[in-house]
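**Student:** Sequence:
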Amino acid sequence: RISTGDLFGLFPIEQELPAEDSLLVYPMMVEVKGFPNPPGLLPGGEALRRRTHQITPNAAGVRDYNTGDPLNRIHWLSTARRGRLMVKDFELDPLADVWIFLDAEAKVQAALPQAPIDYFAKDFWPRTGKLPLPPSTEEYGVSIAASLVRDYLRRGRAVGFVCAGKHLTLISPDRGGRQLGKILEALALSNAKGDLPLRALIETQVKHMVRGSTVVLITSSSSREVGVIVDFLIQRGLKPIAVLLDAASFGGPPGADQLEASIKLLGIPSRMVRKDADLAAVLSDSYAR
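The numbering of the sequence shown is the numbering used here, which starts it at 1 and goes up by one.
Please keep in mind that the hints were generated in silico from the structure rather than gathered at the bench. Heads up, a few of these hints could be off.
Ranges of calculated distance between the beta carbons of each label pair, as one might list FRET restraints [unchecked claim]:
#: 1; residue 1: 9; residue 2: 76; range: 54 to 62 Å
#: 2; residue 1: 196; residue 2: 76; range: 51 to 59 Å
#: 3; residue 1: 235; residue 2: 85; range: 17 to 25 Å
#: 4; residue 1: 274; residue 2: 236; range: 29 to 37 Å
#: 5; residue 1: 78; residue 2: 26; range: 37 to 45 Å
#: 6; residue 1: 223; residue 2: 10; range: 28 to 36 Å
#: 7; residue 1: 285; residue 2: 170; range: 25 to 33 Å
#: 8; residue 1: 231; residue 2: 208; range: 15 to 23 Å
#: 9; residue 1: 7; residue 2: 113; range: 30 to 38 Å
#: 10; residue 1: 22; residue 2: 257; range: 35 to 43 Å
#: 11; residue 1: 36; residue 2: 72; range: 30 to 38 Å
For lysine to any residue, the following SDA-like pairs were computed, each having C-alpha atoms within a straight-line distance of at most 25 Å [said to hold, decoys possible]:
#: 12; residue 1: 264; residue 2: 32
#: 13; residue 1: 107; residue 2: 8
#: 14; residue 1: 33; residue 2: 277
#: 15; residue 1: 166; residue 2: 111
#: 16; residue 1: 207; residue 2: 249
#: 17; residue 1: 239; residue 2: 206
#: 18; residue 1: 33; residue 2: 177
#: 19; residue 1: 193; residue 2: 176
#: 20; residue 1: 193; residue 2: 72
#: 21; residue 1: 275; residue 2: 73
#: 22; residue 1: 239; residue 2: 114
#: 23; residue 1: 275; residue 2: 34
#: 24; residue 1: 193; residue 2: 253
#: 25; residue 1: 166; residue 2: 188
#: 26; residue 1: 88; residue 2: 111
#: 27; residue 1: 182; residue 2: 3
#: 28; residue 1: 239; residue 2: 171
#: 29; residue 1: 166; residue 2: 193
#: 30; residue 1: 166; residue 2: 114
#: 31; residue 1: 207; residue 2: 236
#: 32; residue 1: 207; residue 2: 170
#: 33; residue 1: 33; residue 2: 176
#: 34; residue 1: 166; residue 2: 65
#: 35; residue 1: 88; residue 2: 72
#: 36; residue 1: 239; residue 2: 38
#: 37; residue 1: 107; residue 2: 150
#: 38; residue 1: 182; residue 2: 253
#: 39; residue 1: 166; residue 2: 182
#: 40; residue 1: 107; residue 2: 176
All C-beta atoms in this analysis are idealised placements derived from N, C-alpha and C, irrespective of residue type, glycine included.
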């Protein structure tokens, strides 16, 4: 069914089409301002000697022009000297990666029944309109992960994503719009029906993380295991950040407040997200307590 209409909602039109097709809906994202962004400098302050197709402040030299290279990367002085087109080569910034871990273990999720919502064509025109998220920790976690991935990529960080639902999803850190698209697609297809605890997931993936990397944990678990995970990451030279979903506000067990207090004692940045919270405000720096 397709619904549309005029700007004022005076002439709504609906039409049902017999054809069927698949549609991939990306997660809802919010604007985040000031979420913790540890510098993540690599040990010794040395540049990461890995070539990249992106333009960074670290020029590594020049090479022969290849078909498809952007014209703004041509180094004209070297081109004049050698008599053939030469382009600048770049290396990645000397910053460690950002890893986003989304806890998709089924037994830590919580959800409340969702009241039906009637939509009319005129409801889709106002730019200020907001559609509520379904009242489940799964939907909130996916939206938070998508928002933070976009925020870190905008800051020029290389972002990776890990989630263990029915299947393990592991996307290696990278930069740019293509990386955002890959992670959004993975989030859209994800489900919180996994049986792998967050601690086991972290322990299996920590070997892939460069020392000094930022690790964002998004979980609705109120178990003390989360505090153990945070301490484990610190001991490995990583920089954890905890985004805790208060399962009690979604009809689940209590304990999120006590967990947040124990994490704060370790000096680790954290955010507490409850049902119906303004995600943009909660994730932004002005909300930090």
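**Student:** Run the structure past the numbered hints and jot down the numbers of the failing ones, going up.
**Tutor:** Numbers 3, 6, 13, 16, 19, 20, 21, 22, 26, 27, 34, 37, 38, 40 - these are the hints that the structure violates, sorted from lowest upward.
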